[in-house]
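Enquirer: Residues per chain are reported as follows:
Number of protein chains: 2
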Amino acid sequence: MNNRKKRVMKNKVLNIKKKFNLFNDRWSPKVIAEINNYQVKLTKLKGDFPWHSHKDTDEAFIVVEGDLRIDFKDGFVSLSEGEMYVVPKGVEHKPSAVKEVKIMLIEPKGVVNTGDLEPNNLTAKNDIWI
Amino acid sequence: MNNRKKRVMKNKVLNIKKKFNLFNDRWSPKVIAEINNYQVKLTKLKGDFPWHSHKDTDEAFIVVEGDLRIDFKDGFVSLSEGEMYVVPKGVEHKPSAVKEVKIMLIEPKGVVNTGDLEPNNLTAKNDIWI
Chain A
1 MNNRKKRVMK NKVLNIKKKF NLFNDRWSPK VIAEINNYQV KLTKLKGDFP
51 WHSHKDTDEA FIVVEGDLRI DFKDGFVSLS EGEMYVVPKG VEHKPSAVKE
101 VKIMLIEPKG VVNTGDLEPN NLTAKNDIWI
Chain B
1 MNNRKKRVMK NKVLNIKKKF NLFNDRWSPK VIAEINNYQV KLTKLKGDFP
51 WHSHKDTDEA FIVVEGDLRI DFKDGFVSLS EGEMYVVPKG VEHKPSAVKE
101 VKIMLIEPKG VVNTGDLEPN NLTAKNDIWI
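Chains as they are written, first to last, in our numbering: chain A, 1 to 130; chain B, 1 to 130.
Hints may be right or wrong, so weigh each one.
Where chains are identical, the list cannot tell them apart; a pair therefore holds if satisfied intra-copy or between any two copies.
What the hints assert, rightly or not - Derived EDC-like pairs (lysine to aspartate or glutamate); straight-line CA-CA distance at most 20 Å:
{"hint": "1", "residue 1": "K6", "residue 2": "D116"}
{"hint": "2", "residue 1": "K6", "residue 2": "E81"}
{"hint": "3", "residue 1": "K6", "residue 2": "D67"}
{"hint": "4", "residue 1": "K19", "residue 2": "E65"}
{"hint": "5", "residue 1": "K19", "residue 2": "E83"}
{"hint": "6", "residue 1": "K109", "residue 2": "D74"}
{"hint": "7", "residue 1": "K46", "residue 2": "D56"}
{"hint": "8", "residue 1": "K18", "residue 2": "E34"}
{"hint": "9", "residue 1": "K46", "residue 2": "E81"}
{"hint": "10", "residue 1": "K89", "residue 2": "D67"}
{"hint": "11", "residue 1": "K46", "residue 2": "D74"}
{"hint": "12", "residue 1": "K12", "residue 2": "D71"}
{"hint": "13", "residue 1": "K12", "residue 2": "E81"}
{"hint": "14", "residue 1": "K6", "residue 2": "E92"}
{"hint": "15", "residue 1": "K12", "residue 2": "E92"}
{"hint": "16", "residue 1": "K6", "residue 2": "D74"}
Hints were generated in silico from the structure; no laboratory data involved.
All values derive from a computational prediction rather than experimental measurement.
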């Protein structure tokens, strides 16, 4: 089959920055892709999230636009656009952002955003695809 | 502990674009992070890779810089900077790039870049961290 005859499968390509135009709510991760039982999620954050941890899994944060701070009990990291950090399993952390930040998360399917906390008003529904 | 006294953990933040400055070889994925048993890898590609598939796993491609084409037996996708595509488990594909492209891969630890092919001169060593 030559190139001209091949179907262009444009509809399956995800433009990460454009996906952020599809929602405005914060702290509520949206799924854009699954890799086996792992999910890639996008979320917008502003202000402080409560301290929490995920006892069974690491969690990767990638900043797509803006600046993110993640506090730990013994330190903190500041991430700018194009920077990544993996919070290890079981480590208490508190993400925060002075201005709205757009981030991408990589973690297993089923991870609850508020981790080990009792479900609260910031606990987001899972498996919301955009 | 107030902010001023907290340790800044700069050394654990990964700058994805800067990581690409640490290697020049192509088709040889380098690990930058692990999320449990999943790995985030960076690689540079130019030219054509052989047709292959990964029978046990999906494979996510994210273009960090440049343009990537992935051919399938029944179609193809073209990805530019900031675009993502997940090749489903078992699907034959052929990545290629006219000019050098920088890409990020997300997949389980242990995935061999040439998939189901007999190991060949393009088969890269796994678990090379940068």
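Enquirer: None of the hints should be skipped; say for each whether it holds.
Expert: The hints, checked one at a time:
1. K6 x D116: Answer is neither; intra-copy 48 Å and inter-copy 24 Å both fail.
2. K6 x E81: For K6 and E81, the Cα distance exceeds 20 Å both inside one copy (36 Å) and across copies (23 Å).
3. K6 x D67: This pair counts as between: shortest inter-copy Cα distance 18 Å, intra-copy 41 Å.
4. K19 x E65: both (13 Å within a copy, 18 Å between copies)
5. K19 x E83: both (19 Å within a copy, 10 Å between copies)
6. K109 x D74: neither (28 Å within a copy, 30 Å between copies)
7. K46 x D56: Classified as neither; 26 Å inside a copy, 39 Å across copies.
8. K18 x E34: within (18 Å within a copy, 27 Å between copies)
9. K46 x E81: within (15 Å within a copy, 26 Å between copies)
10. K89 x D67: neither (23 Å within a copy, 35 Å between copies)
11. K46 x D74: neither (22 Å within a copy, 43 Å between copies)
12. K12 x D71: Close across copies (13 Å), not inside one copy (36 Å); limit 20 Å.
13. K12 x E81: Answer is between: at 15 Å across copies they meet the 20 Å cutoff, but 25 Å inside does not.
14. K6 x E92: Only across copies: K6 and E92 sit 15 Å apart there, 49 Å inside one copy, limit 20 Å.
15. K12 x E92: between (36 Å within a copy, 16 Å between copies)
16. K6 x D74: Result: close only across copies, 6 Å inter versus 55 Å intra.
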